[in-house]
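Visitor: So the sequence lines, in the order shown, correspond to chains A and B. Sequence positions in the first sequence follow our numbering and run 1 to 284. Sequence positions in the second sequence follow our numbering and run 1 to 284.
Please note that the accuracy of each hint is not assured.
Listed below are several chain B residues computed to face chain A (Cβ distance under 8 Å; list not exhaustive) [what the hints assert, rightly or not]:
1. K14
2. E17
3. A109
4. I111
5. L129
6. P130
7. A137
8. G145
9. A217
10. G218
11. C259
12. P260
13. S280
14. L281
Treat the hints as calculated values from the structure; they're not laboratory data. Ideal placement from N, C-alpha and C gives every residue a C-beta, glycine not left out.
Protein chains: 2
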Amino acid sequence: MSKTLEEALGAALKRAEAGAPQKLAHALQYAVFPGGARVRPRLCLAVAQACGDSAPELSVASAAALELLHCASLVHDDLPCFDNAAVRRGKPSVHRAFGEPVALLAGDAMIVLAFELLGRAGATNPSRLPALTVTLAQAVGSPFGIVAGQAWEAEASVPIDTYHQTKTGSLFTAATMMGALAAGEDPLPWRTMGEKLGAAYQVADDLLDCVATVAEAGKPTRRDVALDRPNAVSRLGVEGAVSRLERLVGEAVESVPECPGRQGLRNLVMQIADRLVPESLRAA
Amino acid sequence: MSKTLEEALGAALKRAEAGAPQKLAHALQYAVFPGGARVRPRLCLAVAQACGDSAPELSVASAAALELLHCASLVHDDLPCFDNAAVRRGKPSVHRAFGEPVALLAGDAMIVLAFELLGRAGATNPSRLPALTVTLAQAVGSPFGIVAGQAWEAEASVPIDTYHQTKTGSLFTAATMMGALAAGEDPLPWRTMGEKLGAAYQVADDLLDCVATVAEAGKPTRRDVALDRPNAVSRLGVEGAVSRLERLVGEAVESVPECPGRQGLRNLVMQIADRLVPESLRAA
Chain A
1 MSKTLEEALG
11 AALKRAEAGA
21 PQKLAHALQY
31 AVFPGGARVR
41 PRLCLAVAQA
51 CGDSAPELSV
61 ASAAALELLH
71 CASLVHDDLP
81 CFDNAAVRRG
91 KPSVHRAFGE
101 PVALLAGDAM
111 IVLAFELLGR
121 AGATNPSRLP
131 ALTVTLAQAV
141 GSPFGIVAGQ
151 AWEAEASVPI
161 DTYHQTKTGS
171 LFTAATMMGA
181 LAAGEDPLPW
191 RTMGEKLGAA
201 YQVADDLLDC
211 VATVAEAGKP
221 TRRDVALDRP
231 NAVSRLGVEG
241 AVSRLERLVG
251 EAVESVPECP
261 GRQGLRNLVM
271 QIADRLVPES
281 LRAA
Chain B
1 MSKTLEEALG
11 AALKRAEAGA
21 PQKLAHALQY
31 AVFPGGARVR
41 PRLCLAVAQA
51 CGDSAPELSV
61 ASAAALELLH
71 CASLVHDDLP
81 CFDNAAVRRG
91 KPSVHRAFGE
101 PVALLAGDAM
111 IVLAFELLGR
121 AGATNPSRLP
131 ALTVTLAQAV
141 GSPFGIVAGQ
151 AWEAEASVPI
161 DTYHQTKTGS
171 LFTAATMMGA
181 LAAGEDPLPW
191 RTMGEKLGAA
201 YQVADDLLDC
211 VATVAEAGKP
221 TRRDVALDRP
231 NAVSRLGVEG
241 AVSRLERLVG
251 EAVESVPECP
261 GRQGLRNLVM
271 QIADRLVPES
281 LRAA
């Protein structure tokens, strides 16, 4: 039987921790468990399943790799030279708990581990590995991945759409495309779904920053105003942002290509999307 | 005709820079060009050639990936929370030139780019990609790669041999093994050569730190004493360290497995090794 996502993450970390310096090992565990909503890997797995999931080892490894890179980006983004965030997922950020050097290295180790994990699983199905590797790398690196997105903050002028697409959208796009690739399908028809969901998630995150309590968000809120970062709520208002979110989710659902599990996937996306709206706004 | 190492590095950076935030793009270029001695990638290429180099695209990509990861490790190690080094390769360190956020991101981008480069080249020969990816990742990540090596510095007690093998040796071991893997050969017989050369290089670096001028080293010297780090010269004295270096190189040369280009490779290793001894000690 193939591993679940949590099992795959656990096994990968166990390998990275055995014999490693203790603080680094603890920091890795702390950064990945307990996780957040695991939205990106669940999306990847859902797409793979909708496509028939012909290589479950590869789809689970893809999902776990996406999550490790997401966790790495959170650890690095929280560092003093960026957001200097004290809290993440309801507990002290990694650098607050383990110090800045170990946090920086834990992020590096997770980036490497993501590709290692994919490489190991790729041995079962080598012909799918090159495209999976390149798709994952493009979502994280430069010029169109998370790292480039974060680097836009160091520029005098930031093209908003590029900033959001690179910093947040890229990993969603990779999630849908890698789900298809892991199942041996053409990834391109799946790009739009990832893009729309990534954009929806960005609006949800903006809403969270503006209207949620710290307890609900699990991290400091009102940061975008404080750091003068673009936020959909300041552009569109709360109602405008919520309706933009709903429109984007609708477009994502519409974009799901023909595949064996199309209806199930559409339902799942609706389900995930429901929880994107901060709780305090859901009754409205 | 297959690309040379410098061409492959140039092409990879060009792709990473096009459309990227300007500071990040400039920092990437600055971190990789002009390079140092390119010892690790040259070693990888030399092994591939000695093995017949049946897939030159793959060996050049492996070599370039090793160099990118080496450059990334230098940029991150130089950061204020580690060595806080102002100078590297005879010019301001990346964070001094571009600021800490961009330096950190440039390091991240180079790690990702290394795996992307390998993934792209792997499309021409997918069956060799899984082992190449895993070997590269193990040399950089946790528990036995550069990142773990650096993380030992955060522990109260550091096992010296593990520290050196992980922080410096690992990329040399990967260089010889990836050279063999890229050429379609069993990597295991090549491990010893990489280990011995990595250990020799560590002694050479210790000598450089103790006896070289800043101009010769291209970076600050006398750092090991200042930062209370283990150094072969303080254990063995200058003469003892030089003779240890020479013994290790001899063992590396002896360990070269049977292969079509064995003699040429042995000569090349001797040549590289000659330049490992700091200039001021060579006349002696």
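Visitor: Of the hints stated earlier, which fail here?
Guide: 1, 9, 10, 11, 12, 13, 14
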